[in-house]
Amino acid sequence: MTSRFSKGGILINRKKKLSFKFNGKNLFGFSGDTLASALLANNQVLIGRSFKYHRPRGFVSSGVEEPNALLSIGSGGSLEPNRSATTLELFDGIEAMSQNHFGSLEWDIGSISNLLSKIFPAGFYYKTFIKPRFAWKHIFEPTIRSAAGLGKAPKEHDLSSYDYFYAHLDVVIVGGGISGLVTAKNLASLGLKILLVEQKHFFGGYALSEEFKINNLDSSEFIKNLEDDLSNNENVILKKNFSIVGVHDHSYLLGLENFEVLESEDHSSIRHRLWRIRTKHLILATGAIERPLVFAGNDVPGVILSSAANEFYKLYGISQGDRVILITNNDSAYSAVVELFNAGISIPLVIDVREKSVGELPLKVKDLGIRVEFGKAITKVLGKKRVKAVEICSVVGEGSVLETIICDSVLMSGGWTSTLNLWSHCGGKIKWDNQLNTLVPDETKQSTNELGQSFISVVGSARGQFWPSELFDNMETVIKNICKIFNLRKIKYEKYQIKEIIHEKTSPISCVPESADENLKGKSFVDYQNDVKLTDLRIATQEGYESVEHLKRYTTLGMATDQGKLSNINGIKILSNLVGKEINEVGTTTFRPPYTPISLGSIAGEARKELFKPIRKTPMHKWHQENGAIWEPVGDWQRPYTYLRNNETKEEAVYREVKNTRNSLGMLDASTLGKIIVSGNDAGEFLDLIYTNMMSTLKPGRCRYGLMCNENGFLFDDGVVARLNEKTFLCHTTTGGSDKVYSWMEEWHQTEWWDKKVFIQNLTEEYAQITIAGPKARLLLEKLGGLDVESKKFQPLDFIEGKLGNFEVRVFRISFSGELSFEIATPSANGEALWLRCLELGSELGITSYGTEALHIMRAEKGFIMIGDETDGTVIPQDLNLDWAVSKKKKDFIGKRAHERIYMQDPNRKTLVGLSLKDSIQKIPDGAYALKSGGSSSEDVLGHITSTYFSPSLDKPIAMALLKNGKSLKGQEVDIPLGSGNKLRAIVVDPQFYDIEGKRQNV
Amino acid sequence: MLKFICPICEIETDETELIPGGEAHLKRVGPGSSDQNFYAYLFERKNPRGIHFERWLHSYGCGKWFHVARCTKTMEVFGTYSAQEIKPPKKILDAIKKKLPNGKNVK
Amino acid sequence: MKKYSAFSLIKESFNNHFGWEKAWKKNNLKKKYKVVIVGAGGHGLATAYYLGKNFGIRDVAVIEKGWLGGGNTGRNTTIIRSNYLQEESAAIYEKSRSLYEKLSQELNYNVMFSPRGVMMLCQTEHELRAMKRTYYANRLFGVDTEMVSPARMKEMIPIININGPRFPILGGLWQPRGGTARHDAVAWGYARAISNWGVDIIENCEVIGVNKNQNKINSVETTKGTINCEKMCFVVAGSSSILAELCGFRLPVESVALQALVSEPIKPVMHCVVMANTVHGYMSQSDKGEMVIGGGADGYNNYTQRGSFQHIEETVRALIETFPFISRLRQLRQWGGIVDMTGDRSPIISKTPIENIYVNCGWGTGGFKAIPGSGWATAELIANGEPGELAAPFSLERFKEGRMIDESVAAAVAH
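Chains as they are written, first to last, in the working numbering: chain A, 1 to 1003; chain P, 10001 to 10107; chain B, 20001 to 20415.
Derived from the structure by calculation, the hints contain no laboratory data. Note that this is a predicted model, so its numbers are computed, not measured. Certain hints may be false.
Stated by the list, open to error - Computed far set for chain B versus chain P, every beta-carbon distance over 10 Å:
(1) Lys20003
(2) Phe20007
(3) Glu20012
(4) Glu20101
(5) Asn20108
(6) Thr20124
(7) Glu20146
(8) Pro20150
(9) Pro20158
(10) Ile20162
(11) Gln20214
(12) Lys20216
(13) Gly20248
(14) Gly20299
(15) Asn20356
(16) Glu20407
Said to hold, decoys possible - In silico contact screen, one side only, chain A against chain B (beta carbon under 8 Å); selected entries:
(17) Leu150
(18) Gly151
(19) Lys152
(20) Asp158
(21) Gly427
(22) Pro597
(23) Gly601
(24) Met904
(25) Asp926
(26) Tyr929
From the three backbone atoms N, C-alpha and C, an ideal C-beta is built for every residue, glycine too.
Make a model of the complete structure from these sequences and hints.
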């Protein structure tokens, strides 16, 4: 039975009681508890079921390395699955549920799979479920998938908010244990900007629970003084509940700051803040994590790491049970025994797998009268949902039971592994040190920054300096190095008095007993969460999955939510034994960010919902919104597709708009089209290279429709160019092309033709632009007054400048609809006012706003191409009958050489035609393909339909298409298969349908 | 997340302000060139696992293109220089030679 | 080769599974082979498989500089689909998809091909029109897809948000027989099959030189010795340009990072793959329960197998808008691979300027789905010395001819 002592627990505040729920039960804990310590205080040892075999599981650790204690926290919009109870600081009202059981936690039907565990070793699914094929799809896979996963997904939207933060620092210290704090203290006087972060909710790390004397102070007191000292230093930022989770190129760090407790108390509006940090130097004081030992039954609830038992006791006042034994391969675990013994726990036996130890700590334990046996091991832990007893055996041999000892809890220690993930995220290498029995940073192969220099130092137990007197072994070197990096004078480095503890070497043994039989090996767990057993590793290597990555992927060792923090090293040691290679030869798997999991919400930050992507709006946006606009996203803009009135359908609205524009007067917000000024002595020459047309011959006051191709020859934008004066051109682009074309021009100017004297300016947002189109268009301009718009004075493709009413304008006589049409540009600030004025004066002329769809129909009726419909990145101007716009005179322009390639000259290329339907009033569906008449296979495909509409002006469907050798098909019939198996029949015609002579725009 | 010193505005700029532009110092060929040469200009790239001279645009900054000498395997930056320099400046070539004397691709 | 089956699995369980043999033999490199394939990723192994199966060519070595399947094959997001626009692309991807359907049975190795379906979202009018074109193209070129309305999509995928304020979903293109597979298993499955025939798979063996004789392949120098061969093909995403340089020519390829991430595993909540191209993100749920998330490639030449965080941000933001519930899930791990991008974003399966040297590269972000089809087509090319129907469009020559196979459908976003 686990419980809370009536006294003790450094971190808890017994005056502040907190209530929480676990599986519906109402329980209590204290402020300062983690959810884990609070559960243990309430004798909740069984807290989950393992992934594959649904074995009962309890707490193995007290930190981020916990593989078993994954709970679902909260509900509705605050539901968070898979939360490790050891990392969750307790707050009032937590609702926690255990996961991954069918039925209750205590009686999980899923544990049937445990009985079949022999048939289901790691990788069993590769060998079976192969036949019959339908069974995999309909039976096997759904079954596997339903058993997959741990927690349930939240169903509702996340109620919490998340934040970004950017920081630039000189030194970041990861780890607020004693090494990190001392490093910060030593650097604090240098005047550098320092950030020290600690992932837990307290500073001090293991020095709080495994106390020693430093300068004659208790380590816990020493830490408290340091903490106070540093928080008063203006150069040092101290953060708790803050994990540096990733080191990325060019010394860019990601840090997650956790405000969950404050959020629960309504003292924080955000849940997590993801820091993006640039630092000049990074110091890892990330400590070390204890390893489990591998023996049969090492996963029974109640088997726990010795340091965790110690932490639960010292920090939270938790007792693991009345009778506790320890199995260890090193000296450090003995300190837990001393602590628990002094607290009044009975320790029937300490099992040491080594032959002997001359260390101080085992001696101390023996002196307390505790029985210590060397050369012994555990055959098996007895008990299913709780440790009941252990069977003891010799380390050597098969595990014949020498003795059975009744106990509540088994502490285990397989040694310590330095935490070096951050060292290697950016390419730094790690190696195994046989002496220290841990990973150490390979200082010859470091992560480097943008200058090719190393920028990471490692201090404390992260460097294998596990014992108190070793902690600061390289501190002086690190400080000196930092002084060198920042060009600072050397400081007086403080030395600390710490008594050395005589200790024996850690044994390399990780699995006991050494010759255990298959039965025992089948119950010895290496990776807890993924249920990977010793037998699995043997089977994998036997089958040749021997490289460390293959072993991991085949057995799923180290792939669980703890990412192998407890399992990787034991796995590698076992692998090296199985294949007979040294550990460094076998290698480690790659550490990848994040070190601990971070919420996806924190990655997205505030860019959610309306803030997901900014919307670009024209000055008339509000009016559109208020007048029934249906929005269409075009790039980052939103444009009105059509305006709905009364109970219109979209179609009805669009046809109304077309008819009204063709019959009287329509107006369109054309502000989103690009407007780029190209000016300078060489402007004409420059544009001659950019456009396929000759632009330099354009006269001031005139406009010309231009095409732009890329170097590969493909048409990617079009628009009307106006020559404002001798040296200045105004280039219009498509909406999607405005930024693109501007960048394109700048790129060519800056990187290829910088000798050309031109200036390029993107003025798209400087001007609002309104299209006034229809037979009555001129009348509206006359009503606005101020400009001579008489037909002979203001001809098609002219533009004029001046004032219309009170508005400064430039008016272009260009038409995309085919009607008499003027585009009026005015400074954006006046856009809305001009729009409203046009509406006012135009009302008696029958003016109506029209949207993009009406425009698309009108231009299609005229056979005008549209970028993105008639083009798809593989179409050249010649395909679209636009040869006239491609200058034959110019020696060079972008795309010219490309057009000379053999495939571009192929007469069988798809070229633009029109299609007239034979017996249908329905338009051809979007995206349809055309086949030879009577054809059905892919060989009969002629091409695809690029634009298709029902034309309200002609009262029939129209379409344009790109068909192979289109000209030769004129007059012929083609088939258009519909999805349903039916087909339409059409005749190939010229791609112009309405006002073919183009008279209407010339009135 | 890369960062470079923009040689035009001389500030350290973050990758989020930049747009990458591929290999630098490509020699443009146009009408009159052979199919092979035109193809090489448009498509063939060194794509080294090692030092790469490349173009970047300081899009959310001064709006200028510039060149960078960067190792594609270690992300080390040897220098940035103007887009109008048709070959890497001596200073940068010297820095590279110092680091990689035999000039071979990085492993 | 000991057969895998439920029966043998149960039988072996009584024997503590001591009877299972090595999935692929670890032979020593010989001095001579008829064909050397450089690269033991999915494509290279599949090539060796179809060389053996379709052409009886089994005097083959597949050499790999690292561990088998350790390149992009072990790093992708496992999506299999063939709903491509261009006829040539659809052909090879559909061939590949249909081979995937029966692959487990053929290899006697469960690659866990899951035909759960792939949904491609349309979030602008332009995208909707483009997707409709893909639908019609698919029907003509033998790929089974259908257009789906937003309402129907919500029925099929309850967790999707069709009314996002910025880019509401206007429809989708659904390929019911697309899906996912277990990427490592595909490599292991092919490796086991070819090893059984006596094809040598040599890991930890890097090519350091290529020797020619009058512009024809003569031998390959490796860290484990020199190999004489009649034909050589290199299939090494992320090292294509390097191999090409050893052979003495350049490829129209640039290598960039492609990143992906997974969340912690949760109970099944998503039964198909969803791709949202407008907002740059796609997601599926693995058989283990993790949400597997990917986005677009990074933009600059990069051989580190690491990418920039801003792309992860962009992808996650996009997916939270599409699937709001994932906000409280946690990212468990992120990683990257090196993908080769060609001038038109379509792959290269081709002869090279050197006789009897062939290249297969440039799959960009679409490599995993292509493995069986690519292997099939490349085997044909190597065996015959000329490309067959599937590979012919993807020759290196197309770039000179101006014959691009471009899947991006329209550069501009129009009016």
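Exclusion check [Gly20299 (chain B) not at the chain P interface, CB over 10 Å]: violated (4 Å)
Proposed interface contact between Asp926 (chain A) and chain B, which counts if any beta carbon pair is under 8 Å: holds (4 Å)
Chain B contact restraint for Gly151 (chain A) - C-beta distance below 8 Å: holds (5 Å)
Pro20158 (chain B) and chain P, when compared Cβ to Cβ, separated by more than 10 Å: With a cut-off of 10 Å, Pro20158 (chain B) remains clear of chain P, as the shortest Cβ separation is near 35 Å.
Proposed interface contact between Pro597 (chain A) and chain B, which counts if any beta carbon pair is under 8 Å: holds (4 Å)
Claimed clearance of chain P by Gln20214 (chain B), with the beta carbon kept past 10 Å: Fine: 21 Å to the nearest Cβ keeps Gln20214 (chain B) off the interface.
Assertion that Glu20101 (chain B) lies farther than 10 Å from chain P (Cβ): holds (35 Å)
Status of the stated non-contact between Ile20162 (chain B) and chain P (beta carbon gap over 10 Å): Answer for Ile20162 (chain B): holds, closest chain P Cβ roughly 30 Å.
Residue hint Leu150 (chain A), partner chain B, criterion CB-CB below 8 Å: Result: holds, 5 Å to nearest chain B Cβ.
Nearest-CB test (10 Å) between chain P and Phe20007 (chain B): Its Cβ never comes within 10 Å of chain P, the nearest being 47 Å, so this holds.
Chain P versus Lys20216 (chain B) - minimum CB to CB distance exceeding 10 Å, so not interface: holds (21 Å)
Claimed clearance of chain P by Asn20108 (chain B), with the beta carbon kept past 10 Å: Non-interface label on Asn20108 (chain B) holds, nearest chain P Cβ at 38 Å vs cutoff 10 Å.
In the structure shown, a violation is registered for the earlier hint numbered 14 alone.
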